[in-house]
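Student: Just so you know, the sequences run in chain order A and B. Residues 1 to 266 in the UniProt record's numbering are what the first sequence lists, from first letter to last. Residues 1 to 389 in the UniProt record's numbering are what the second sequence lists, from first letter to last.
Just so you know, not all the hints are guaranteed correct.
Said to hold, decoys possible - Partial chain B-side listing against chain A, Cβ under 10 Å, derived: (1) S218; (2) R271; (3) V288; (4) P291; (5) L294.
The set of hints was computed from the structure by calculation and includes no laboratory data. Heads up, the beta-carbon is just placed ideally off N, CA and C, and yes, glycines get one too.
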Amino acid sequence: MTAIAPVKAKSVKATNLNLYYGNFLAVKDVNITIEPNKVTALIGSSGCGKSTFLRSINRMHELIPGAYAEGEILLDHTNVYAPDADPVQVRRQIGMVFQAPNPFPTMSIYDNVAAGLKLNAKKIKKSDLDAIVERSLRGANLWDEVKDRLGKPGMGLSGGQQQRLCIARATAVEPDVLLMDEPASALDPISTLAIEDLITELKKEYTIVIVTHNMQQASRSSDNTAFFNIEGTGKPGRLVEVDTTEKIFSNPSNKETEDYVSGRFG
Amino acid sequence: MSTEPTEREHVTEPTPQDRPAARSLAANAQAHAVEAPVGEQPTRVRPPVQVAGTVLPWWAPWGIVAGVAVLVAALLSISGFNLALWVVATVVVGGIAQYVVSRVVEGPRRATDRGVTYAVVAAFALALTPLVSLLYTVVSRGAARFDSTFFTWSMRGVIGEGGGAVHAIYGTLIITGCAAVISVPIGILAAIYLQEYGQGRLKRALTFFVDVMTGIPSIVAGLFAFALFSIFFGPGIRLGIMGAVALAVLMIPIVVRSTEEMLRIVPNSLREASYALGVPKWRTIVKVVLPTALGGIVTGVVLAIARIIGETAPLLITTGVVASVNTNPFDGRMQNLAVFAFSSYKSPGVPPEPSIDRAWTAALVLILIVMILNVGARFIYRRFGTEIR
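Using the sequences and the hints, build the whole thing.
Tutor: This is how it looks when you write it as structure tokens:
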């Protein structure tokens, strides 16, 4: 197994992005540049649109009936919301890990990791596929724990292992960007630590955007932090401030951010 | 909180003051009372902890009912014994007696529990009675002709004794098989449309019509198939495939309903996981959603087959009555078990007994087939059903 030289991942840039659920404007006017090969944490109180924004990056947002987006999101220089952009192609380049681990229950550990390649019906040699599965599982720090039972069902793993399996599954298709929606919120502290270490490793190869409610997690594992807030129920969420994590947590330029990170509300 | 070790044992006799546990509770209550801002707090009296009370022995419910049974029998024997009246009276009086005894000995809460338990068990037994009675009747009367001749002979040229229903067994399996071949793909695809693609008014309309189809009387389905084939082949046509079409009309809504239900319980997170890997929707359905729901879908299909295999009325008018083996559903009449049982019983000939015996055995065979299908469905679900959280 030769180590693969780190490649420059892609950046994500949202311009004047408005996200709707039917007539309801959920997130208003987001302008943000997410740097490549960095971990960007999205923080903010519940219902302020962090997850909605995250899901809009790989066009998962529009899977909800009635939901749509206005504005543009550039993946390097390609607009993923261009009229001729294919959401399926977009999702192949922007992977996602969900809050609750969701391995495919009908598939083995091996098949779960290979799912992205197999389901897309690419013709791959067995030896190549084996290599990809091993590399992805190693990348997710799971290889040593499962190498003797790759044929066993993925549901038989513990919650933390399942989540790392999901990360391996997302990285097996080699996306440019990895979106994580509270990837550790359903896990115990040990598994959380494993995931956080993994995130730090993964940023060598991927641009990572992570939604988290855990401020320690944001301050520990992210390079940049974006703070979202909402003025009140029924009002749209908006991006208040985005800066380096250090600055956000020590000396934010916005009062709302300071109140939030210092625990005065939320 | 007090740091005193609290006693963990069953407190049967409440003696509030001299036990450490009770003391610590009291101290706790006092501490809270002091903390409270209002000056004059009435002293809180905690109800004594009662863990055990008087409980009837385990055999008491059975004993009471048995006692009532003897008593009622004795009373009835005065005016002449009647089995039905005895059973009904025992059940009713037994329930009341149990409630009263329990209320006197154990108190109202346990009495209510026993009363409701009794009512539930009695309702269950009542629901089971006709089923057991039916099974007993069919088995005892069908056993007479449950022999090798029955499974090897048709009724061709048989008058009176002997003969068998092999032609009807073939017919049942072929007609039902054809019906399944027609309705399973249609039903599953329709369910996929309704659950995964359909939205708005069209989906609501289709769901409504599927519900209406579930309620179609089977004879109407038979008449539909008869009318349909009459258009093309002229009146008086009788074919095995006509019966299959009629049964398919009955089976499709059941398959749609059960498949839809199974697709609905596939968690959305699996679909999202697949989409996030850049898998198109149709592939997600074929490779993720259907395999996850497969056990349930197969079970639903098998149960739908079991549901239609005993249909009589639509087959009577579409496949007709015949005495010899026909394995080609596209040519000529075809016998099946339900119609065989019906016509053997309706026009038995002289002497009637052999024919009536064959009818009962046909019913028994039909019940056995349905039972095997049900057991098979359970087995499939256990073996292949995916655990969905």
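Student: Indicate, hint by hint, whether the structure satisfies it.
Tutor: Okay, the hints, checked on the actual structure:
For B/S218, the interface hint is violated, since its Cβ never comes within 10 Å of a Cβ in chain A; the closest pair sits about 36 Å apart. Below 10 Å, beta-carbon pairs count as interface contacts, and B/R271 has one with chain A at about 8 Å; its hint therefore holds. At its closest, the beta carbon of B/V288 sits 6 Å from a beta carbon of chain A; the interface hint therefore holds under the 10 Å criterion. The restraint placing B/P291 at the interface with chain A holds, with a minimum CB-CB distance near 4 Å, inside the 10 Å limit.
At its closest, the beta carbon of B/L294 sits 8 Å from a beta carbon of chain A; the interface hint therefore holds under the 10 Å criterion.
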